Amino acid sequence: MINQEPTDSDMPYSPEKDPIEATDSALSPDDLAPQELDQAADQQVIHALLQHWYGDRTAVRRNIQATFAKLQDDAMTAAPIAGRISSRWYFLSSSIAAALLIICGVWFVTNSNRPAMATVEAALRADQQILDRSYVMTMEFPATHPAGPVTRVHLDLRENKYVARLINHRGHPVVMGHNGEQPWIVLPDGQAVFRSHRMGIEDLLMEDSDVSIPFLTVENVLSRLGDNYELSLISSQRLSSDDRVSWKYLVGYRSDGAGTGPDRIEMWSHPDTGTAQKLILQWYDSAKPGQPQKVIFQRIDASVQTDAYYEPDAHTHEGVERNPRRRTTQHLMKRDSNQDGLLSLDELGPNGARLMTKFDSNEDGLLDASEIKQIQPPLRGPGRPEHSEDMPDDPSTSTEPLPPPLNSFEQE
Amino acid sequence: MSTKKDHLLRDPQAVFEILVQENADMLMAYLRSMVRDPGAVDDLFQETMMTAWRRLDDFDRSRPFGPWLRGIGARLIMAHYRKCKHDFMLISEPILERIHQQMDGLDNKTQTSFNDSIGHLRDCIKTLPTKLEDAISARYLNEHSPLQAADHLGISQEAIKKRLQRARMQLLKCLQRKRVMAGETT
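If you read the protein sequences in the order shown, they are chains A and B. Reminder that position 254 of the first sequence reads as 254 in the numbering used here, one-by-one numbering, no gaps. Reminder that position 84 of the second sequence reads as 84 in the numbering used here, one-by-one numbering, no gaps.
Take these hints with a grain of salt, some might be off.
Here are the simulated DSBU-like cross-link-like pairs (lysine-lysine), alpha carbons at most 35 Å apart as the crow flies [to be verified]:
no.: 1; chain 1: A; residue 1: 278; chain 2: A; residue 2: 294
no.: 2; chain 1: B; residue 1: 178; chain 2: A; residue 2: 17
no.: 3; chain 1: B; residue 1: 126; chain 2: B; residue 2: 173
no.: 4; chain 1: B; residue 1: 178; chain 2: B; residue 2: 131
no.: 5; chain 1: B; residue 1: 85; chain 2: A; residue 2: 17
no.: 6; chain 1: A; residue 1: 334; chain 2: A; residue 2: 358
no.: 7; chain 1: A; residue 1: 17; chain 2: B; residue 2: 131
no.: 8; chain 1: A; residue 1: 334; chain 2: B; residue 2: 83
no.: 9; chain 1: A; residue 1: 334; chain 2: A; residue 2: 70
no.: 10; chain 1: B; residue 1: 83; chain 2: A; residue 2: 70
no.: 11; chain 1: B; residue 1: 173; chain 2: A; residue 2: 17
no.: 12; chain 1: B; residue 1: 173; chain 2: B; residue 2: 131
no.: 13; chain 1: A; residue 1: 334; chain 2: A; residue 2: 373
no.: 14; chain 1: B; residue 1: 85; chain 2: A; residue 2: 294
no.: 15; chain 1: B; residue 1: 178; chain 2: B; residue 2: 126
no.: 16; chain 1: A; residue 1: 294; chain 2: B; residue 2: 178
no.: 17; chain 1: B; residue 1: 178; chain 2: A; residue 2: 70
no.: 18; chain 1: B; residue 1: 131; chain 2: B; residue 2: 83
no.: 19; chain 1: B; residue 1: 85; chain 2: B; residue 2: 173
no.: 20; chain 1: A; residue 1: 373; chain 2: A; residue 2: 70
no.: 21; chain 1: A; residue 1: 373; chain 2: A; residue 2: 358
no.: 22; chain 1: A; residue 1: 17; chain 2: B; residue 2: 126
No wet-lab data here; the hints were simulated from the structure. From a predicted model like this one, the values you see are computed outputs, not experimental measurements.
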């Protein structure tokens, strides 16, 4: 006998037995027998485990951080004043209490900011000594944002060079970077081009015009924050249960109301070297409460890269022909609609006449493989032609748009 | 002679940090087993931890921290449930008791950690028939609503809900076979 798998029609769906998807009005514990209550509880537990297994594990970490931040806030604000004060002495007592509170407050702020600033200064000194670092940068946007809810970027940094890898909002891999002289990008078709325009990511990484300073340093970040932050230092925090380091945790809230910069900044730095291990920048949108925009830098262990790694040629995609001339040939031969190995004027498109005049050496009205090989690939970027006139227009070679720029530090 | 560890364990904040880190995943799963709204889960998590910190002196250190933490969480859930029922799944005393029982099995620190326990889930998911695995992926991996998941798989909403219910039941049985979850009580 064949043991067949039950089909959907074998077991009709009963919403009154489904605690996960049923609305609260459709299901009541009073309607269920004891065994059905156990089954409902089991369904709820498995549902939670599946959410936990597949879901965003950072939620746990985020909640731990929020808890400790709240506890710190509690410790700062808790000043219970107990006892009854007779009406006769009420005015005098409250005046003395107010004066004492102000004195204590000033003392506390002064003394809590002092070690905080010392930590920042230590971080600045340590960061300047380090050349090669790698981070995972996670950008969390509201779900309605066109760039999608979460974008993860792998960042390798060396002084004024960087390489960033991400999957863009169309699901295509994108690699971009800066070789210390020029910014570049590798397009989804594997073509590496120098670019003249800034990407949103560079608003976070670099000063407006000066790329000669090391970026993604605590110094760079804090220099953009100005003095308008209330900083608190929490003695030590581990970033995970098996973490052997008790990081110094710095949290800052913007105190200038509608000024510039993120609304909240958190930094974990090494207790000895002061090096920033993790940085969280958060913006709140009053129009969309509960949907903060967040950028998280998490430092990771990675091997030290060579200088060549920061050049675009090191990142043309696997499987794409590295020889630019051969790539051009392959690209043009896609237009060979009758598959005869030759390109006619019609097949070449709008720029066909110019290409034919320039490269049809035997003047037979057709471009063969050897003639197509003479066509140079386009070079784009500062100091180079934005678009080679020798290449026919083709929408498939257009630059894939990247996610819209992040809210920069300069945003209002 | 007192060791560094002894000193660490005498420091209540250090102890609390360790306990929070060790029990955070379990508490999130516990709350998610009863609370639908992710925002409410976050609020309850933080409220539970803060209450635990304030009442740390009441905690008997010879006993496991997880059940004590869940007890605080359960009281907060019941208080919150009375105010806004639509944030929650099915809740009653017997259901709370059963969920506690299942969490105890998953959180049995003498054998393995909570995350190791739910790591068995991966093996169990692999044993599901393709239809059920697709339903689980659509609902939990892609985070689709039942309506979106039904559209995605080209089936009715009722069918996707039924498949999810069957898949969860099979996963439960698989975890019971692996002895990380309790079996039938009756």
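For each hint, the structure was consulted:
no.: 1; hint: 278/A x 294/A; in the structure: holds, 13 Å
no.: 2; hint: 178/B x 17/A; in the structure: holds, 26 Å
no.: 3; hint: 126/B x 173/B; in the structure: holds, 14 Å
no.: 4; hint: 178/B x 131/B; in the structure: holds, 23 Å
no.: 5; hint: 85/B x 17/A; in the structure: holds, 18 Å
no.: 6; hint: 334/A x 358/A; in the structure: holds, 20 Å
no.: 7; hint: 17/A x 131/B; in the structure: holds, 21 Å
no.: 8; hint: 334/A x 83/B; in the structure: violated, 65 Å
no.: 9; hint: 334/A x 70/A; in the structure: violated, 61 Å
no.: 10; hint: 83/B x 70/A; in the structure: holds, 23 Å
no.: 11; hint: 173/B x 17/A; in the structure: holds, 18 Å
no.: 12; hint: 173/B x 131/B; in the structure: holds, 18 Å
no.: 13; hint: 334/A x 373/A; in the structure: holds, 14 Å
no.: 14; hint: 85/B x 294/A; in the structure: holds, 31 Å
no.: 15; hint: 178/B x 126/B; in the structure: holds, 14 Å
no.: 16; hint: 294/A x 178/B; in the structure: violated, 40 Å
no.: 17; hint: 178/B x 70/A; in the structure: violated, 39 Å
no.: 18; hint: 131/B x 83/B; in the structure: violated, 39 Å
no.: 19; hint: 85/B x 173/B; in the structure: holds, 30 Å
no.: 20; hint: 373/A x 70/A; in the structure: violated, 66 Å
no.: 21; hint: 373/A x 358/A; in the structure: holds, 13 Å
no.: 22; hint: 17/A x 126/B; in the structure: holds, 26 Å
Violated hints, listed in ascending order, are 8, 9, 16, 17, 18, 20; each of the other numbered hints is respected by the structure.
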